[in-house]
Amino acid sequence: MDKDLMRRLMAPLTLLNRMLPKKQDRVVFYSNMGFRDNVKAVYDAFIARPESKNYEIVCALNDYELWDNRPHPANVRFTDCKGGLVPFLTSRTFFYSFGKYPVKPSKNQMVVNVWHGSPLKKIGRYEKIEDQDFFTYVLAASDFFVPIMAKAFGCPESKVKVCGHPRNDAMFTPGDPLGKLGIPKDFDKLLLWLPTFRQSSFLGDRDTAARAGTGLPVLERKEDLEAVNALLERENALLLAKIHPAQDLSLLDLSGASRVKILTNDDMQRADCDLYALLGVSDGLITDYSSVYFDYLLLNRPIGFTVGDIEEYRKTRGFVVDDPYPLMPGPFIRTPDEFAAFLSDFLSGKDDYKAERERVGKLTNAFPGGQDAERCLKIAGLIE
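Numbering (full-length UniProt numbering), first residue to last: 1 to 384.
Derived from the structure by calculation, the hints contain no laboratory data. Please note: incorrect hints may appear among the correct ones.
[As the list claims (entries may be wrong)] Each computed EDC-like pair below joins lysine to aspartate or glutamate, with the alpha-carbon atoms no more than 16 Å apart:
hint, residue 1, residue 2
1, Lys-100, Asp-80
2, Lys-161, Asp-143
3, Lys-350, Asp-283
4, Lys-22, Glu-56
5, Lys-104, Asp-133
6, Lys-121, Asp-323
7, Lys-151, Asp-176
8, Lys-222, Asp-337
9, Lys-121, Asp-309
10, Lys-189, Asp-283
11, Lys-121, Glu-311
12, Lys-354, Asp-283
13, Lys-378, Asp-44
14, Lys-180, Asp-266
15, Lys-185, Asp-133
16, Lys-151, Glu-130
17, Lys-100, Glu-56
18, Lys-189, Glu-233
19, Lys-53, Asp-25
20, Lys-159, Asp-186
21, Lys-122, Glu-311
22, Lys-122, Asp-323
23, Lys-354, Asp-337
24, Lys-189, Glu-235
Based on the provided sequences and hints, a complete structural model is requested.
Here's what the structure looks like:
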């Protein structure tokens, strides 16, 4: 549904929501950017429990047809986001992460904003003035993030529940994500590269220089990518770059880089492969300002940070803290040489940041991981 239309309808729909009776045995899950991340993790945990058979479960998704065509319990119904509005207005329990119905919950509802990670970059009311508080509770991974989430969503701290992120459970669950993706495990080490979204600087502008390069950050020149590929070949390692779902892939050119593979969100969805399961079987991570690294600290494995545009990013998108560097426990990568140096240390087993990761991990994760979805279901009152 059109966002402007939904905002105009917010006041009457909020009034209607207060008046309509709620079905205690109806649970709705909502996402307008694919059924994934925290909201999918809560759904998976719920339908795995025997109590879920006593509920009508509605999943309102932009990609609902994909999931409707896969095996699912008989009491689960998939619909598009528009079709989920009436179930939301008549349900006792509602979970959302990507997108929302801008309708205030009634006193008889439990609306949980599971969000999508612990923020380093600005989110919500750090960026916008508009109302962001459409929930009973919003989740945070630790006490450190409680005031940050309260400010981001313009709500009192009492509405922020320390839970941990349900998606993290997949990092501790046995599985074969590489097999799902059709990637043979014929390498000794797996390094994941998860850059955050930057449309202009990540995959380049549509100019001659961008078309002549790789389209990747840091390793922009083909010769730099080829040098990294040679090191990966020599040490029998694989670099998997999972690209942000909003990113334009048209300029990406990895020809000649057999040990560097690109994964898109569509690849993951088609294979029904959870990103966090992939994190669980990886040996190290390269990222930048993405919330994923706070989660990855639960594993205490090497992390490298590509920060070549951090000052530009600070001026444009910005961060939720004045100085992000103390929260980034790993080497900073700005050049191809620094990328190669991190990769060499990673492949040789050299790790100078273990204690720093532990320090930041204790600050940013209240729980060790593995039971966050269950904790979320308890917060929502669906299980005891």
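Against the structure, the hints come out as follows:
Between Lys-100 and Asp-80 the alpha-carbon distance is near 13 Å, which keeps this suggested pair within the 16 Å criterion. Under the criterion of a C-alpha separation no larger than 16 Å, the hint pairing Lys-161 with Asp-143 is consistent with the structure, at around 9 Å. For a cut-off of 16 Å, the pair hint linking Lys-350 to Asp-283 stands: about 13 Å separates their Cα positions. In summary, the hint linking Lys-22 to Glu-56 is supported, as the alpha carbons are separated by about 12 Å, within the 16 Å threshold.
Pair hint Lys-104 plus Asp-133 holds up; C-alpha atoms about 8 Å apart against a cutoff of 16 Å. For the hint pairing Lys-121 with Asp-323, the CA-to-CA distance comes to about 11 Å; that is within 16 Å, so the pair holds. Between the alpha carbons of Lys-151 and Asp-176 the distance comes to roughly 39 Å, so the proposed pair goes past 16 Å and is violated. A C-alpha spacing of about 14 Å is found between Lys-222 and Asp-337, which places the hinted pair at or below 16 Å, so the restraint holds.
Between Lys-121 and Asp-309 the alpha-carbon distance is near 13 Å, which keeps this suggested pair within the 16 Å criterion. For the hint linking Lys-189 to Asp-283, the alpha-carbon distance of about 6 Å falls within 16 Å, and the restraint holds. For the suggested pair Lys-121 and Glu-311, the alpha carbons sit about 12 Å apart, so the restraint of at most 16 Å is met. At most 16 Å may separate the alpha-carbon atoms for a hinted pair to count; Lys-354 and Asp-283 meet this at roughly 14 Å.
For the hint pairing Lys-378 with Asp-44, the CA-to-CA distance comes to about 15 Å; that is within 16 Å, so the pair holds. At roughly 13 Å between alpha-carbon atoms, Lys-180 and Asp-266 fall within 16 Å of each other, so this suggested pair holds. The straight-line distance between the Cα atoms of Lys-185 and Asp-133 is roughly 45 Å, outside the 16 Å bound, and the hint therefore fails. Of the pairs offered as hints, the one joining Lys-151 and Glu-130 holds, with about 12 Å between alpha carbons and a cut-off of 16 Å not exceeded.
Our distance criterion of 16 Å between C-alpha atoms is broken by Lys-100 and Glu-56, whose separation comes to about 20 Å. A hinted pair counts as satisfied when its Cα atoms are at most 16 Å apart, and Lys-189 with Glu-233 qualifies at roughly 11 Å. At roughly 10 Å between alpha-carbon atoms, Lys-53 and Asp-25 fall within 16 Å of each other, so this suggested pair holds. With a CA separation close to 47 Å, the supplied pair Lys-159 and Asp-186 exceeds the 16 Å bound.
The hinted pair formed by Lys-122 and Glu-311 meets the criterion: a straight-line CA distance of about 14 Å does not exceed 16 Å. Between Lys-122 and Asp-323, the direct Cα distance comes to roughly 13 Å. Compliance with the 16 Å bound is thereby established for this hinted pair. Under the criterion of a C-alpha separation no larger than 16 Å, the hint pairing Lys-354 with Asp-337 is inconsistent with the structure, at around 22 Å. Restraint check for Lys-189 and Glu-235: the C-alpha separation of about 8 Å stays at or below 16 Å, so the hint holds.
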